[in-house]
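*Asks:* Listed in order, the protein sequences are those of chains B and U. For the first sequence, full-length UniProt numbering assigns the number 1 to the initial residue and increments by one for each residue that follows. For the second sequence, full-length UniProt numbering assigns the number 1 to the initial residue and increments by one for each residue that follows.
What the hints contain is simulated information worked out from the structure, not anything from laboratory work. For every residue, glycine included, the Cβ atom is placed at its ideal position computed from N, Cα and C. Accuracy of the hints is not assured; some may be wrong.
[Unchecked claim] Capping the alpha-carbon separation at 30 Å, the derived lysine-lysine pairs in BS3-like fashion look like this:
id: 1; chain 1: B; residue 1: Lys209; chain 2: U; residue 2: Lys129
id: 2; chain 1: U; residue 1: Lys129; chain 2: U; residue 2: Lys168
id: 3; chain 1: B; residue 1: Lys121; chain 2: B; residue 2: Lys168
id: 4; chain 1: U; residue 1: Lys168; chain 2: U; residue 2: Lys202
id: 5; chain 1: U; residue 1: Lys140; chain 2: U; residue 2: Lys168
id: 6; chain 1: B; residue 1: Lys129; chain 2: B; residue 2: Lys78
id: 7; chain 1: U; residue 1: Lys140; chain 2: B; residue 2: Lys140
id: 8; chain 1: B; residue 1: Lys202; chain 2: U; residue 2: Lys129
id: 9; chain 1: U; residue 1: Lys78; chain 2: B; residue 2: Lys202
id: 10; chain 1: U; residue 1: Lys163; chain 2: U; residue 2: Lys121
id: 11; chain 1: B; residue 1: Lys140; chain 2: B; residue 2: Lys121
id: 12; chain 1: B; residue 1: Lys129; chain 2: B; residue 2: Lys163
id: 13; chain 1: U; residue 1: Lys78; chain 2: B; residue 2: Lys140
id: 14; chain 1: U; residue 1: Lys78; chain 2: U; residue 2: Lys121
id: 15; chain 1: B; residue 1: Lys129; chain 2: U; residue 2: Lys202
id: 16; chain 1: U; residue 1: Lys209; chain 2: B; residue 2: Lys129
id: 17; chain 1: U; residue 1: Lys78; chain 2: U; residue 2: Lys140
id: 18; chain 1: U; residue 1: Lys140; chain 2: B; residue 2: Lys78
id: 19; chain 1: B; residue 1: Lys140; chain 2: B; residue 2: Lys78
id: 20; chain 1: B; residue 1: Lys78; chain 2: U; residue 2: Lys202
id: 21; chain 1: B; residue 1: Lys202; chain 2: B; residue 2: Lys168
id: 22; chain 1: B; residue 1: Lys121; chain 2: B; residue 2: Lys163
[Said to hold, decoys possible] Which stretches of chain B does chain U cover? Using the computed rule of at least three CB atoms under 8 Å from a CB of chain U, they are:
id: 23; segment: 103-116
id: 24; segment: 203-211
There are 2 protein chains.
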Amino acid sequence: MQHLDHQQIVAMPSRYRAQFINSLSGFKSANLIATANSMGQTNVAIFSSVVHLGASPALIGFIMRPDSVERHTLENIKQTQQYTINQVNDRFWQAAHQTSARYLRDECEFEQCGLSTTYLKGVTAPFVKESQLKYALTLKEILPISHNNTLLIIGEVTDVICKQSAIKNDGYIDIESLNTVTISGLDSYHISHRLSRLTYAKPHVTPNKISLNGE
Amino acid sequence: MQHLDHQQIVAMPSRYRAQFINSLSGFKSANLIATANSMGQTNVAIFSSVVHLGASPALIGFIMRPDSVERHTLENIKQTQQYTINQVNDRFWQAAHQTSARYLRDECEFEQCGLSTTYLKGVTAPFVKESQLKYALTLKEILPISHNNTLLIIGEVTDVICKQSAIKNDGYIDIESLNTVTISGLDSYHISHRLSRLTYAKPHVTPNKISLNGE
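Just chain B, same shape as in the assembly:
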């Protein structure tokens, strides 16, 4: 086992450190966040920082760097208060990665990356047609993280679109059956293989493996 101390971490070349530190948090979610501005011009970009905040109300967060390529996403969310989050699967993971390129404001990432839009009545932001689990959100709060000038964007889930067969009896969604991918580091994509679901943990009782339906 190698030990790297604070001085060694600080001394790393910047690109090396970016790869290294981005590997520490473990596997990351792979999602496309899609928006439209008030004129209806669309934007889509990949994010690996989407995180569950709570089920009641249904709140989802993600981290955004205001000075990075994602700025069109932020501007559009501020304008319309709406956005969609679309799980990336193994049929369009390379197109999803390509959305991280620095396209100009008037270039359409959907078109440039070979992705398609689909819409829901009442939601101004587009969904990614190719995604099999996607949802619309209403902006609740933008929380600044002062230590590195990033933002935690918090939204409430308003509409969910999902392949019906993936929703199990107890509400669990089998995202492995949707071929949802996961990210490690900055650029590595992975599919998953389930070990098992486990029973709710109680003190002094060994957790048991349970079926996909939670039984």
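With chain B held as given, fit chain U onto it using these hints.
*Replies:* Below, chain U without anything else, positioned relative to chain B:
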């Protein structure tokens, strides 16, 4: 494809909604957060919300519910300003899940769940010996999320301990080779199978697959 609207989501029974909403963010990181109080009594609990915040400075966040079983973790972090994050792998994923049981304050989760501690000079919090990628953090900020009374705990990475062979030439850490697991929903554990690493995305250029070493 099934469409569930806001009314249908709000009307879900609470346990069903917890499973459902917890599936939306995609695959989650699986980490044990370990702490000690000022008397040296240890605590360890699993978290699926650890998220990368930035590489320079090296900041990692995680979401905590103050009223849940994780409260000993929070108290200890407030007392000592230190904690460790330890990636869960496929050799102790069931023991890691078991740490989510509501143990009493004076019960030792390490002992109860069959996990071992290891220490580093200068770090009061224990590391999980069984983990092959783990790091110590110093608390930087506790950011309240008012909408659901959760907290974003922000720490700076001070020391990293990692199996040397997993660190690649460009700083990427091959966490798949460490058998790091990922979580979906509340209780499903998965190992990964790499599709590929991809080149840095540039407009109008199709991304290429690259080797594990980033070449």
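*Asks:* For each hint, tell me whether it holds in the structure or not.
*Replies:* Hints and how they fare:
no.	hint	result
1	B:Lys209 - U:Lys129	holds, 25 Å
2	U:Lys129 - U:Lys168	holds, 23 Å
3	B:Lys121 - B:Lys168	holds, 27 Å
4	U:Lys168 - U:Lys202	holds, 23 Å
5	U:Lys140 - U:Lys168	holds, 29 Å
6	B:Lys129 - B:Lys78	holds, 24 Å
7	U:Lys140 - B:Lys140	holds, 25 Å
8	B:Lys202 - U:Lys129	holds, 23 Å
9	U:Lys78 - B:Lys202	holds, 26 Å
10	U:Lys163 - U:Lys121	holds, 19 Å
11	B:Lys140 - B:Lys121	holds, 20 Å
12	B:Lys129 - B:Lys163	holds, 12 Å
13	U:Lys78 - B:Lys140	holds, 28 Å
14	U:Lys78 - U:Lys121	holds, 20 Å
15	B:Lys129 - U:Lys202	holds, 23 Å
16	U:Lys209 - B:Lys129	holds, 25 Å
17	U:Lys78 - U:Lys140	holds, 11 Å
18	U:Lys140 - B:Lys78	holds, 28 Å
19	B:Lys140 - B:Lys78	holds, 11 Å
20	B:Lys78 - U:Lys202	holds, 26 Å
21	B:Lys202 - B:Lys168	holds, 23 Å
22	B:Lys121 - B:Lys163	holds, 19 Å
23	103-116	holds (count 4)
24	203-211	holds (count 6)
When each numbered hint is compared with the structure, no violation occurs for any of them.
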